[in-house]
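Student: As they're listed, the protein sequences go chains Z and H. This note's numbering puts the first sequence at residues 1 to 327. This note's numbering puts the second sequence at residues 1 to 279.
Since the hints were made in silico from the structure, they are not lab data. Remember, it's a predicted structure, so these values are computed and weren't measured experimentally. We treat Cβ as the ideally placed atom computed from N, Cα and C, and that holds for glycine. Please note that the accuracy of each hint is not assured.
As the list claims (entries may be wrong) - According to the in silico footprint, chain Z covers these stretches of chain H (three or more CB under 8 Å from chain Z): (1) 56 to 62; (2) 112 to 118; (3) 189 to 198; (4) 224 to 234; (5) 247 to 260.
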Amino acid sequence: MVTITRTGRDRPAGPPRTDTGRPARRRGPQRSRLPYLLLLPALILELAVHIIPMLVGVWMSLLELTQFHIRDWSSAPFVGLANYRATLDVHTPTGQQLLQSFGVTVAYTVLSVGLSWVFGLTAAVFLQRPFRGRALLRTLFLTPYALPVYAAVITWTFLFQRDTGLVNHVLVDQLHLMKQAPFWLIGDNSFTALVVVSVWRSWPFAFLCLMAGLQNVPVELYESAAIDGAGFWRRLSAVTLPMLRPVNQVLLLVLFLWTFNDFNTPYLLFGGSAPKQADIISIHIYKSSFIAWNFGEGSAMSVALLVFLLAVTAVYLLVTNRRRSHA
Amino acid sequence: MRESTVERWCRRVVLTLLTVFVVVPLYAMVSSAAKPLKDVQGTFTWIPGHPTGKAFVDMWTTVPLARYLVNSLVVSGVASVFSVSVAVFVAFAISRYRFRGRQAFSVTVLATQMFPGILFLLPLFLIYVNLGNATGIELYASRTGLIITYLTFSLPFSIWMLVGYFDSIPRGLDEAAQVDGAGPFRILFRVILPTAVPGIVAVVVYAFMTAWGEVLFASVMTDENSRTLAVGLQGYATQTQVYWNQVMAASLVVSVPVVAGFLLLQRYFVAGLTAGAVK
């Protein structure tokens with residue numbers, strides 16, 4: 001049997017940093033004001049760009065903020081929860097569309113996050129052991145993450161062109177897997193295309209984090225596992241994954257939030273008008289705000305999205321933290 | 001610990017597949033940039049039949065690429081320098097002082113980053129437009145507005161990484177300086193910053209990358225004069241025909257600086273993530 005002793009490294013990951021036992025510094029009132037002074041510029045920026053606009057956004061969701069009122073929003077009539085009723089009621093066509101968009105987003109997020117994590121973990125595990133060319137592969141794998149998103153996605157748009165793209169050239173002309181060249185950027189295939197591009201862009205981030213996490217796993221653990229006769233899978237399940245749990249907790253949450261809120265990939269891939277099979281939520285809100293010029297309904301949907309994400313995040317943190325303390 | 005034969009072959013196959021997945025689009029970008037327009041309008045070819053650098057010349061006139069490039073440089077440069085300066089003070093406070101609200105602040109900064117961008121976009125757009133109408137301060141469709149917006153985007157990650165670096169600098173150095181009569185700012189600028197230079201460079205590069213690649217706010221908050229690369233590059237597609245060779249050439253040119261910067265400093269990103277995330 002492989003027995004793993006938990007080391008001091010296995011502490012909760014993420015934002016709530018635990019105090020490291022430093023003595024508190026109290027040197028009179030003048031000193032104690034200093035930290036707040038140091039935070040002030042950041043605080044002002046956060047207020048100006050995030051907190052205040054968010055509150056304004058909540059207010060906007062209660063107004064009839066259509067194209068007639070955008071130049072002078074003080075004239076927009078207060079309509080209470082009408083925007084929420086109009087967009088979230090699934091019995092109306094608008095609500096139906098939002099529900100469809102929500103479903104697409106959930107499927108997109110699950111597939112993209114799952115595949116990115118699996119790819120990242122595989123690469124990180126296989127690159128743990130030194131071999132010739134390892135540094136080169138590591139650099140190569142990080143390149144899609146370093147590439148500006150528009151350069152990456154525009155390149156994929158080119159690859160997915162029906163008549164001139166690389167994807168159809170390989171599938172139809174070279175591998176003869178299909179008789180007819182399919183469309184990738186409209187119709188049912190657009191969802192596949194979206195997932196492929198998203199995974200291509202985000203798995204290197206999973207790889208980067210997991211690689212950093214693996215550097216903290218003491219080699220002795222693998223050695224004692226090997227002495228106990230543990231094979232590849234046993235080492236993965238008994239050493240690697242438990243040691244990566246703190247990293248995974250943060251990584252999966254971050255990937256989930258990024259992918260669920262993803263705007264760039266569909267916006268760039270489909271040129272602003274995503275087909276309904278790939279109409280994920282940010283694009284949906286963007287379209288109803290800037291094409292239909294209804295900022296009230298757009299804000300209502302944004303606020304609903306935020307509430308949903310907060311709820312999911314809270315439940316996720318609760319469950320993963322409890323599981324950890326029980327483990 | 002030896003590697004079994006099966007394991008070795010698994011590793012080779014899997015790593016090869018991942019390499020193909022990563023490399024093919026990159027190769028297509030580079031090779032298509034070297035093709036004449038006629039060749040990218042027909043069936044895809046792996047090897048450029050008539051290699052030419054013409055796309056790299058023509059791309060500057062099809063769309064005003066130079067203007068977009070300057071806009072992106074100004075916006076990303078100013079935003080990254082200011083945002084890292086702000087982050088340095090925050091990281092110093094969090095690393096060296098215990099104070100009430102320390103945790104709440106860190107969590108809030110991280111949390112705002114996770115909220116949907118679209119949620120801030122609509123109000124910020126309206127605030128900028130209405131502020132412009134009311135006071136004459138041009139924030140909408142100006143580089144200043146974009147810079148202010150981008151200042152916060154890289155803050156959480158910058159703070160996180162910098163706290164990790166600052167924590168790894170021995171407190172003994174602070175105390176030695178304190179004995180010599182140095183105040184907090186002297187300690188920050190004379191002791192901590194010189195020691196943390198690689199980390200700070202890595203964070204500046206990260207902040208630059210973030211601003212350089214931002215699409216959502218750039219697509220709404222800019223006009224023809226303040227347009228950045230993120231939006232400008234789509235201009236090649238709105239012409240009567242898509243100049244794919246020029247699009248690929250332009251994508252390559254705007255990617256090389258940030259990719260090179262990131263890859264050169266990758267060691268520090270891994271170190272920063274290890275210090276910040278795993279703790």
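Student: None of the hints should be skipped; say for each whether it holds.
Tutor: Here's how the hints hold up against the structure:
no. : hint       : in the structure
1   : 56 to 62   : violated (count 0)
2   : 112 to 118 : holds (count 6)
3   : 189 to 198 : violated (count 0)
4   : 224 to 234 : holds (count 4)
5   : 247 to 260 : holds (count 8)
In summary, the structure is inconsistent with hints 1, 3 from the numbered list given earlier, while agreeing with the others.
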